[in-house]
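Protein sequences, first through last, are from chains A and B. Mapping to our numbering: the first sequence position 118 is 118, numbers consecutive. Offset between the second sequence (1-based) and our numbering: plus 1000.
Check the hints yourself; a few may be wrong.
[Stated by the list, open to error] Below, simulated SDA-like cross-link-like pairs (lysine to any residue); rule was C-alpha separation at most 25 Å, straight line:
{"id": "1", "chain 1": "A", "residue 1": "225", "chain 2": "B", "residue 2": "1082"}
{"id": "2", "chain 1": "A", "residue 1": "135", "chain 2": "A", "residue 2": "220"}
{"id": "3", "chain 1": "B", "residue 1": "1134", "chain 2": "B", "residue 2": "1195"}
{"id": "4", "chain 1": "B", "residue 1": "1048", "chain 2": "B", "residue 2": "1260"}
{"id": "5", "chain 1": "A", "residue 1": "225", "chain 2": "B", "residue 2": "1133"}
{"id": "6", "chain 1": "A", "residue 1": "225", "chain 2": "B", "residue 2": "1019"}
{"id": "7", "chain 1": "B", "residue 1": "1181", "chain 2": "B", "residue 2": "1081"}
{"id": "8", "chain 1": "B", "residue 1": "1020", "chain 2": "B", "residue 2": "1110"}
{"id": "9", "chain 1": "B", "residue 1": "1048", "chain 2": "B", "residue 2": "1033"}
{"id": "10", "chain 1": "A", "residue 1": "135", "chain 2": "A", "residue 2": "51"}
{"id": "11", "chain 1": "A", "residue 1": "108", "chain 2": "A", "residue 2": "162"}
{"id": "12", "chain 1": "B", "residue 1": "1181", "chain 2": "A", "residue 2": "137"}
{"id": "13", "chain 1": "A", "residue 1": "225", "chain 2": "B", "residue 2": "1048"}
{"id": "14", "chain 1": "B", "residue 1": "1181", "chain 2": "B", "residue 2": "1202"}
{"id": "15", "chain 1": "A", "residue 1": "225", "chain 2": "B", "residue 2": "1020"}
{"id": "16", "chain 1": "B", "residue 1": "1134", "chain 2": "A", "residue 2": "138"}
{"id": "17", "chain 1": "A", "residue 1": "135", "chain 2": "B", "residue 2": "1089"}
{"id": "18", "chain 1": "A", "residue 1": "137", "chain 2": "B", "residue 2": "1088"}
{"id": "19", "chain 1": "B", "residue 1": "1134", "chain 2": "A", "residue 2": "162"}
{"id": "20", "chain 1": "A", "residue 1": "225", "chain 2": "B", "residue 2": "1261"}
{"id": "21", "chain 1": "B", "residue 1": "1195", "chain 2": "B", "residue 2": "1206"}
{"id": "22", "chain 1": "A", "residue 1": "225", "chain 2": "B", "residue 2": "1089"}
{"id": "23", "chain 1": "B", "residue 1": "1065", "chain 2": "B", "residue 2": "1146"}
{"id": "24", "chain 1": "B", "residue 1": "1261", "chain 2": "B", "residue 2": "1244"}
{"id": "25", "chain 1": "B", "residue 1": "1065", "chain 2": "A", "residue 2": "138"}
{"id": "26", "chain 1": "B", "residue 1": "1065", "chain 2": "B", "residue 2": "1195"}
{"id": "27", "chain 1": "B", "residue 1": "1134", "chain 2": "A", "residue 2": "135"}
{"id": "28", "chain 1": "A", "residue 1": "137", "chain 2": "B", "residue 2": "1212"}
{"id": "29", "chain 1": "B", "residue 1": "1048", "chain 2": "B", "residue 2": "1109"}
{"id": "30", "chain 1": "B", "residue 1": "1065", "chain 2": "B", "residue 2": "1249"}
{"id": "31", "chain 1": "A", "residue 1": "225", "chain 2": "B", "residue 2": "1226"}
{"id": "32", "chain 1": "A", "residue 1": "135", "chain 2": "B", "residue 2": "1092"}
{"id": "33", "chain 1": "B", "residue 1": "1195", "chain 2": "B", "residue 2": "1261"}
{"id": "34", "chain 1": "A", "residue 1": "135", "chain 2": "B", "residue 2": "1020"}
{"id": "35", "chain 1": "B", "residue 1": "1048", "chain 2": "B", "residue 2": "1158"}
Keep in mind that the hints were calculated from the coordinates and are not lab data.
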Amino acid sequence: MTKPDSQTGEANVAAPPVSGQLARFARSSKLLDWAIVLALLAVMVVGGIASPHFLTVANITSILVASSILIVVAIGQTFIIITAGIDLSVGSLVQVSSVMIGVAVTYKLGVPAGILMAILMGTLFGVLNGVVVSKGKISDFIATLGMLSIASGTALVLSNGRPVSVISPLLTSLASGSIGPFPNIALLAATVAIIGHIVLFHTQFGTHLFAIGGNHEGSRNLGLKVGRIKVAAFAISGLLAGIAGIMLTARIGSAEPATGSSYLLNSIAASVLGGTSLFGGRGTILGPVIGALVLMALLNLMTLLGVGVFYQPIVTGSVVIIFAIAYRFQK
Amino acid sequence: MTPALSTAPEASAPAAAARKMLEVRNVRKHFGPVVALDGVSISVEAGKVAAIVGDNGAGKSTLVKILTGVHQPTSGELVFDGQRVVLHDPDEARRIGVETLFQDLAIVDDLTIWQNLFLGRELTWGGPLRLTRKRAMAEQARQMLSGLQINIPSIEARVRRLSGGQRQAVAISRAVGWNAKLTIMDEPTAALGVKERTEVENLIERLRDQGRTFLLISHNFDQVMRLSNEIWIMRNGRVVGHRRTSETSGDELVALITGAKSAEIGIRT
């Protein structure tokens, strides 16, 4: 990475000097591109030293399983953040999708029908988000904040506020089956990640997502269908929240109207940790995947070390803020 | 008012027979009670550079937005390359051959040069996914730039790394490189230093000499005098004058723009 003078000037405008040398060092290297990978390695090394159980196959497998749902939600969130937007409704969409499986069980429609309903429900709410944002011309922040409330209310209404136990060989196989050493649920997350990567980096739609996030007005002037592209991005985020709802139901064995709210903050955290710019126009799929792994590995390690559950959100939040500050120095 | 009348002072000029790439006929644009364009008629000859000058608020930007399909005129018509056209959106304008160099360049910093050149007209394998043909696009982009004799270190570089003049060159390439029939340039050098401005002007001159058609919107009279063949002067949403560049001077343009010299055309309605 070269550093012509003009760029140094630009970067200074974007990031007021904190410590000149640190900033220059961060700018002059590719270090920050690899920050999240280094963070994962650091957690592994520290964890391996601190706890003999941390690097066992069983524990690593359980980290993978625990990360899977977050990975899927974070990928959806990343599609939105790349357009310089935010989707605050993802957690509620996970809930309402999970509840759809409970509804299917309650009305004896069968779990496969419930799975389909969960996917449709997530996608439908996602499309609604997109239409409200692009046709209603209000900010994603407000639109999806409203949808957060509507979706979690819908989940409560449909479930009457009660969890429904879901017993299904299909979901059991998703939750605890594996192919070789790889848990099925992690393979599902990996599949979503691969498809997400292809869509983002090898399709016209993906290019246009980056363009809209990088230069909204310019994209419009060049004739990109900004509205339609945003609707599609929110539909993807909703679809993935629906899939995450299915995964969650499989994991806990019941459709619960009140779990899943943690996915909102954690999906944004994983995405930002993975280098997605909240200003839009920049991001990857691999980054947020590793970001989710780092978050869940940290939580896992804290549990192993006996750090109280109440401390965990404090650590998670601090890590996210530190990374967000570090990324400010990136060009 | 007929278009013929609106260009009446021009009738003696030999260019009357020249082929018009663009004719704007009596276009009005209202935003609610505000009249932004009050019956504007201009034309652009094929293979020439026409310029529009005028003070802030004269209606230049609104006219550009109508020509690029961002706004639709309240009344009046556009004739492009001999055919009456109605532009519903920017994509439609680009498809018929009107490309624009926007004031803010409409460049995306974090995309590569070739991605910027192909923005909105990516080559794909079709199908529902529209997988992109990256290698073909990079190769064509390289040919486009070398055809325009533009020196850019690497087609794969992100635009963020380019200098101001290079960014401008990428945006200009996109605005002429797609066999555009008409390239609209909205303040093409407003944000550039002296050296970069000269480079960009040289590029425009070279393209003009190759027979490209331009509509130039500029505050810079020197630039307008250097680059254009004819000049339309706007004030308060109207065309108040039309000159051959060879037959006018910067002083006369200032007088027409400010209204110190009374308007000749376009205000009889």
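Tell me, in ascending order, the numbers of any earlier hints that this structure violates. Of the numbered hints, 1, 3, 4, 6, 8, 9, 10, 12, 13, 15, 16, 19, 20, 23, 26, 27, 28, 29, 30, 31, 33, 34, 35 do not hold.
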